[in-house]
Amino acid sequence: MAKSSPSSHITSKSVLPMAISAWEMYLLDQSRSPNTVKAFLSDVRLLDQYLPEGRMIGQVTTEDLNQFLTWMEKERDVPCSPKTLSRRITSIKSFFRWLHQHGTIHPDPAEKVLQRSALSPLPQVLTEEEYQSVLLAADRHRREKKADARPYTLLLLLLSTGIKKSECLGIHLNHIDQNSKGGPLVFIKYASSANRYKERKLLLDEDWTEAFNEYVAQYQPVDQLFPWSPRRLEYLLEDIGEEAGLRKHLSFDMCRWTCALRDYQSGLEPDRIRQKLGVSKIQWRELFIKLKQLNGDSN
Numbered sequence: 001m002a003k004s005s006p007s008s009h010i011t012s013k014s015v016l017p018m019a020i021s022a023w024e025m026y027l028l029d030q031s032r033s034p035n036t037v038k039a040f041l042s043d044v045r046l047l048d049q050y051l052p053e054g055r056m057i058g059q060v061t062t063e064d065l066n067q068f069l070t071w072m073e074k075e076r077d078v079p080c081s082p083k084t085l086s087r088r089i090t091s092i093k094s095f096f097r098w099l100h101q102h103g104t105i106h107p108d109p110a111e112k113v114l115q116r117s118a119l120s121p122l123p124q125v126l127t128e129e130e131y132q133s134v135l136l137a138a139d140r141h142r143r144e145k146k147a148d149a150r151p152y153t154l155l156l157l158l159l160s161t162g163i164k165k166s167e168c169l170g171i172h173l174n175h176i177d178q179n180s181k182g183g184p185l186v187f188i189k190y191a192s193s194a195n196r197y198k199e200r201k202l203l204l205d206e207d208w209t210e211a212f213n214e215y216v217a218q219y220q221p222v223d224q225l226f227p228w229s230p231r232r233l234e235y236l237l238e239d240i241g242e243e244a245g246l247r248k249h250l251s252f253d254m255c256r257w258t259c260a261l262r263d264y265q266s267g268l269e270p271d272r273i274r275q276k277l278g279v280s281k282i283q284w285r286e287l288f289i290k291l292k293q294l295n296g297d298s299n
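My numbering puts the first residue of the sequence shown at 1, with every later residue one more than the last.
Any given hint could be a false lead.
Claimed, not checked - Pairs of lysine to aspartate or glutamate residues, derived as DMTMM-like cross-links and limited to a Cα-Cα distance of at most 20 Å, are as follows: (1) K276 to D263; (2) K281 to D43; (3) K181 to D205; (4) K93 to D48; (5) K281 to D263; (6) K198 to D263; (7) K181 to D207; (8) K83 to D43; (9) K281 to E24; (10) K13 to E63; (11) K112 to E73; (12) K164 to D263; (13) K290 to D263; (14) K13 to D48; (15) K164 to D253; (16) K146 to E73; (17) K93 to E286; (18) K38 to E24; (19) K201 to E269; (20) K13 to E73; (21) K74 to D48; (22) K112 to D43; (23) K13 to E75; (24) K292 to D263; (25) K248 to E53; (26) K248 to E238; (27) K248 to E129; (28) K201 to D271; (29) K164 to D271; (30) K165 to D253; (31) K38 to D48; (32) K201 to E234; (33) K93 to D64; (34) K13 to E24; (35) K198 to E269.
Source of the hints: derived by calculation from the structure; they are not laboratory data.
When you get a sec, could you build the whole thing from the sequences and use the hints?
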């Protein structure tokens, strides 16, 4: 028996709370993260509180939505930052687009609501010269009398995969496959089922596997790839940056953005970069704008 759509039980005469509940079921069915679902629902529930009680979804107009956003931005007692306002517009647009696409309302009142972007400052990235300098500084530790492959193993992993700090800390030795047919791989896994959509397989550089094997022989990790605290690994990156003469603060985030920018500059398709970073299409909108700005693309 075919499973009914959450929207099949609502009509244009349904009230907003009923439609919001159906949308929540839909979002959960799409495996959206709990934080995303919570934020989206909070935003549209604020709209429900603003509109007259009992307002049917088919009665909501573009003017209603614009008045709500003006109230949210300028008249509500609780200040609304540009970034929060931008997200709330996205939530409202997503909600009414879903209703329209499933034939519940015609037309879509949110279609003509203007989206407002509120981008945070651009992240710092490594220039090509800095990129080579930090790798060289990390590699020197492998050549010292008391060889240490850990700095290079950590740094090259971050610069070639673009993984986040939490993902790096979550890697176990059995997540690394050096004998994959297409080349060595690392599996990025999540313990929570809510984050399964972020799981992915990433190709590793042959140079990295050589350093990795040196590192394993030296440190003999048992389970976790890097069995140290997040702060200890942050210090390790900072030390590499200082040894390379960087004036910037070498960090997990800088490595992630540098990886994404280099992939973009190499011609990798934007959606492939998105998948590699493990971000949703909604998160990617802002990230891609920043990526193009970092690359100096004109609007």
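Next on the checklist: Of all the hints numbered above, which does this structure not satisfy? Sort the numbers upward.
Outcome noted: 16, 20, 23, 25, 32
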